[in-house]
Every structure is written in structure tokens, then in C-alpha cells.
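S.K.: If you want the building blocks of each chain, they are given just below.
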Amino acid sequence: MTKRFHMSVLFALVVLALSLGAQSVPAQGPVYSVWLVRNSVFKDVPAGAFMPDRAYVPNSTNPMNNQVFFQLPVNVGVIKGGKDVILYDTGWKQQDYLKMTNSVNWVALPELLNRLGIQAADVTKIVIGHGHWDHAGTLSDFPNAVLYVQKAELEGIQWALTYPNPKISAVNTSPGGCARTPACGYPPLTLQEIYGKVLGGKAVIVDGTMEIAPGVVIHPAHRAHTAGSQLLEVPTTIGKLVFGSDAYSSWEGIRDWMIANPQQTDTVQQFLAYEKCYKITGGYQNCVAAHEPLSYSDKYPITKNFWTGPNDSRLAEVALAPGERTRKP
Amino acid sequence: MVTSRQASPSVPIVDVPGPTKSRGPLPVKLLVVGLILLTVLGVLGASLLREAAMAGRTAAADARPSLAPPRPALTPAGEAYAHALWAIHGDVKSAAFTLTFSGLRYKLRELQVRAFETGVQAASKSFSDAEARVRALAPPTSLTQVHSQYLDAVHLFQQSAAEMLKVTEDGRDDHLLVAQPLSQEASEKLLRVGNVIWPGEYLPN
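First to last, the protein sequences are chains A and B. Residue numbers for the first sequence follow our numbering, beginning at 1 and rising by one. Residue numbers for the second sequence follow our numbering, beginning at 1 and rising by one.
Hints may be right or wrong, so weigh each one.
[Claimed, not checked] Below, in silico cross-link-like pairs of lysine-lysine (BS3-like), each with a Cα-Cα straight-line distance of 27 Å or less: (1) A:LYS328 <-> A:LYS83; (2) B:LYS107 <-> A:LYS202; (3) B:LYS125 <-> A:LYS167.
Just so you know, these hints were derived from the structure itself, not from any lab.
So that you can see chain B by itself, here it is in the shape it has in the complex:
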């Protein structure tokens, strides 16, 4: 891009003064004009070759099918399970947000320790309630792995909350560092479950 930009304005240099009376400068003029013409032609040729190569690559790439294979449909029992878990999932995510922002704002000194404790305790209770509700669900055989993965996620959140609450006992922020990877792993598990039973949960934003 930069190269061709620099090359094209050199054309006006071709527009040299008219005939001269002496023969001395003529070879010099011819040499200069010839060199410029050669340069312009060279750049033009190289650009054309590059564009052709690029077009070829793009066309070849476009010809390749790139869509992911379609997701197999859930059975009616699977759909019912996904629907039931969806209702709980909203509360789990809400509690996860509370946990994250309690830690974040405490670390940024925007939250006093008591407010931090209140937030984490509320999230912890939500996770306990959610666990009981999830356990009450009966997943179809095809989704037992999803079910246990979801329970794992809720457990990890509970462990993370318990670790965070230790800050209120000894005032050491290190507990937050221990707790955060647990929440992160739990969050990833939520996405993995969603991939199986709630495709389209996150649309392009």
C-alpha cells in the first residue's frame, strides 16, 4: 500500500522540459526518463502480480466450506431438562456477578469489609439454593455429564465464596487470589454446559 502510494506521484517527473539545442544533456535526460519509466512499469508489474496471487488465495479460501457441523437436536426429555435448568442458571449467574463485583470493588477499595461480606454471603446462599434445585432435577441419560458439570460449577463457586469470606477473618487479600481461579473455572464450566443445551446464549455483541 505504501509502496504504490510512493511510486505513482513519480509520474510527473517524466514531464521534462522540451528539446534542447545542445546534444550534451540529451543522453542524461533519456537516462532519467528511461529509469523512471522502468521504475513505474516495475512497480505496476509487481502490484499486478501480487494482486493476482492474493485474489487466487482468497478465492481458494472462499471455496472451502468452513461452517461448523450442525448441533444434534436434544430429545424432548433433554429439552425439558434444559428448560428447567435455564431457570436456575439465571440465579447462578446473578450470584456469580455478585461474587465477582464484591471482590473487585473490595480490591479497588470501593467497598468496606462488611459490605463485601454481605455480598459474598448472599452469593454463597444463592449457590446453595441453586445446588439443591439442580439436584432435584432428573437429567436424561444423554445429559448426565452436563448435569454433573453444572453441579461441579456450583460447587466451585461455593468454594470460591468460602475462600473469599476468610478475608473477613484475617484481613488478608491473598484469599481473593486463591478464590478467583475457582470462580473462573466455574464460569468456564457454565459456558461449556451452555454450549450443549443453550446454543445462542451469547449472541454477537
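So here's chain A without its partners, still in its complex pose:
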């Protein structure tokens, strides 16, 4: 009987180990530590402007349509492993210009990195999901980092700015603004910073897919938000993650197959970008969204292990590589 009991315990342990393995799907090869930090919050963005399928309907009891505004975080991915510290997107730094965007809780990205024990000079690589000002806005704060940007993104920006029809080439300062033209969202300063990286020999112009560190792979998602949007696949102890910047503006959008944040977006391409995450990670849980309103809550599970930083910012510990210490206070 004793033997039978021991065998039962052993069997239960084996089942437990197998079930844990099935849940977390540890990646083959090197794994990385990952944090998500919130650079700022865009206040009171109309729900329908962010997700057309979730436009506010007065008196509606449908949870899909009963919200007037969304509070959108600006999320930045921090990936650490081997000799690399990689940023996915860099948020924006124009603290003096906060009033322009109805933003709150802005914190300089280097300061948020300090909370993770990382100095700006330690950052080795920056992958920008696209070139908009709120995602590629602090490149010069990371002097040692090599920038990865899609060739199609640079070509798309230039094409848009020089298109002969002024309704299509409209920039933010054109009469009536630019709404969602292909030239919208690229201030001279952001482009200058990209240009500065190229001149300094600190830029890689990516044409499609590229592995930038063992297991860390850039995937093109062209026109999923802008002409040269790109995703980033990262192996971790909780399985593979895929960062999507504004191609993955809303995690709920990925889960429910609804488009989000249509700017220079081909909605078919955005859906294909969603599908890419499902294929790489096996579902939607590990898709990392740039502006998901549920970020830093239990409702967006990979961000639920969060804490509060300076100026009411948020930092979340998503995954730790073996031997990596927690940064959560």
C-alpha cells in the first residue's frame, strides 16, 4: 500500500509537471526578461475614434458601446537578455508639450528604466514599431542604441509627404489638420532623431524579417498601422511574446478581432498582424499592445504584475529569465 501511495504521489507530480509545461510553454533556446512601462496616458480619447466597433451609443447597456472615452497608456517594452537591453518603441519625451495632447502621468523613459536598474547608456537596441512621434520620440536619449526601422516605413513617410494631392499629403499643420492622412504624426523632430541615428552609424534599415538577437525576431506588419509597421517576437519563460506597437493598439481588439487605432491602416493587414501573434504565441494572451486601456490590471493578464512608479506611472514585470532578479518593490 505504501508503495502504491508513493507511486500515486509520483504520478500526481508527473501530471502536475506536464500540466505546468503545457500552460507556460517555455521557449527553446535563450529566454529574455521582459518589462512593460507606461510612458504617459492620453486622456479621454473618444471610444469610437480608437475602436470604431466600440463607438459610444448613448444609453446602451452593451459593454462594447457604453463607454464614452478611453484612457490610453503609451506602453514601451523593455527586453533584457545576454548582452542586450532592447527597447520596443521609445514613447515620447516632449514634457514641455504635454498640453498639446491632453496627456497625463508622463515620465521620461530613462527615469522609468532606472526603476528597473537599467541606465539609458545600457540600451543596445531599439526597435520602433513605427515612426510616429509618440512611439519613436526619444531616440537621442539612448546614444549607444542601434535603431531598427523598416525600409518601408521611411519610404512610406517620404511618399506621403510628397504626394501631389494636398488632401493626402496633409500634415498636422495643413489647413484643417491631417486627421488620418498618411503624412500625419511625423513631426520634424521625430524624423530628425531617426536621421541622427542613421548618420551616426547607429541604424539598421530592415527590409522584412530579421533576427536581431538569438530568438528575438522582427516581423514586418506593413500597413497594419503605418506603411512600415513591424512586430517583435521575444522568447520568455512564459512562452513567446509578440510586441505590436500600434498594429496591436488594443489587446481586446486582438482578442475580439476588432480593428483599433486606424491611422495609415489597412484593416486586413492589421488582422493578419493579429493572426501572426496567434500563430507565434498560440493565442492572444501574449500579444503586447501599445495602448490597451486595460493595461496594468488583472483584465490584461500579462500586465497584472505591476507597480506604481513616479508621477503615478506604471511598470509591469511580464517575465523573468532564469537568474534574473525581480524589480518589483
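Guided by the hints, dock chain B onto chain A, whose structure is given.
M.R.: Relative to chain A, chain B alone:
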């Protein structure tokens, strides 16, 4: 997150075989079951404590007002100036883009030197025209600093373009490295001006 995930599946281990005839293994079984129960309770307790602490922190943070103070309204004269400068600003930004992409594509070997020169010269001329138009504006006293800041920006762009054109004389890319920080500073000044007179110029993208 990972911790609680690992802890919960340990519950099935509690479901051990039924009574035994000999008394020998009983203390071992009890010990194992007791240890598992204690572990589960410990993890549960720790999770509850952590969640409570987190909820407290979040609630406290939410209670703090965090909105920036509202921007003071411009005077009618200020509004007129902002409107007039807005028209020029579009051309300045367009020229700034031309300058950036001329340098970028030249550096990436996508542009021959003559095409590079044409682009930079066109941008330079736009900046000169813009300077004249800006100087013709009469800012209200409250915006004189904004006015001079805008002119500074245009000057910096002009200097940057002049430096870039030296590449066509001696073929040295170093001039681009000297020119770029000037353009970057100019671009930042444009944003600072926009902050005062064109809030909402850049909406979330």
C-alpha cells in the same frame, strides 16, 4: 503571476489513496497532505495580502489629481498671430522634411549628390522665404518670445542646410553630422512654439 500559476495545480496531490491497513505510512501521508495544505494556504494568504496592498496603492494613486493645469487663452491679437504663423509653419515643416530626407537618402546611398543638392537648395530657399514672411508679422507683446523663437528655428534650419551643401563641394559626409544637430534643435523649437500657440497640433497617433 507565475507563482500562483505553479501553486494551484498542486491541489490534486491532496487526492491521495484511501485508508491503509498498516499504520506505518499514515504519518507520512499526513505529513505530505499537511505540507501541501500549508503551502496552498500560504500562497493564498500571500496573494491576498499582495492584492490588497496593490489595490490600496492604486486607489490612492487614482485619488490624486493628475491633469495639467489648463492653458491660458490667447488674446484676439495672439489668435490672429497664431493663425498667420500657422500658414507659414506648414511650409517650414515641409522644407524641414525635405532637408531630412535629402540627407537620409544621400547617406543611405539612395540619392545621387546632384539630387541631394537640389533637395537641400529647395529647402534652403523655402526657409529664406519663410523667414521673410515671419519677419513681416507683428506679434503682440505677449508672443514676442514665441516670435523670436520661431525665427531662431528658421535660422537654425538655414544654417543646417548651408552646412549640408558643403558636402557637394568636398564630398565629406562629416558636414551632415555637423548639420543634423542644428536641424534637430530647430525642430524642437518648432514644437515649443506649437505648445504655446497651437495646442493639439499633434494628437495621439
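S.K.: Confirm or reject each hint.
M.R.: Comparing the hints with the structure gives:
no.	hint	in the structure
1	A:LYS328 <-> A:LYS83	22 Å, holds
2	B:LYS107 <-> A:LYS202	12 Å, holds
3	B:LYS125 <-> A:LYS167	24 Å, holds
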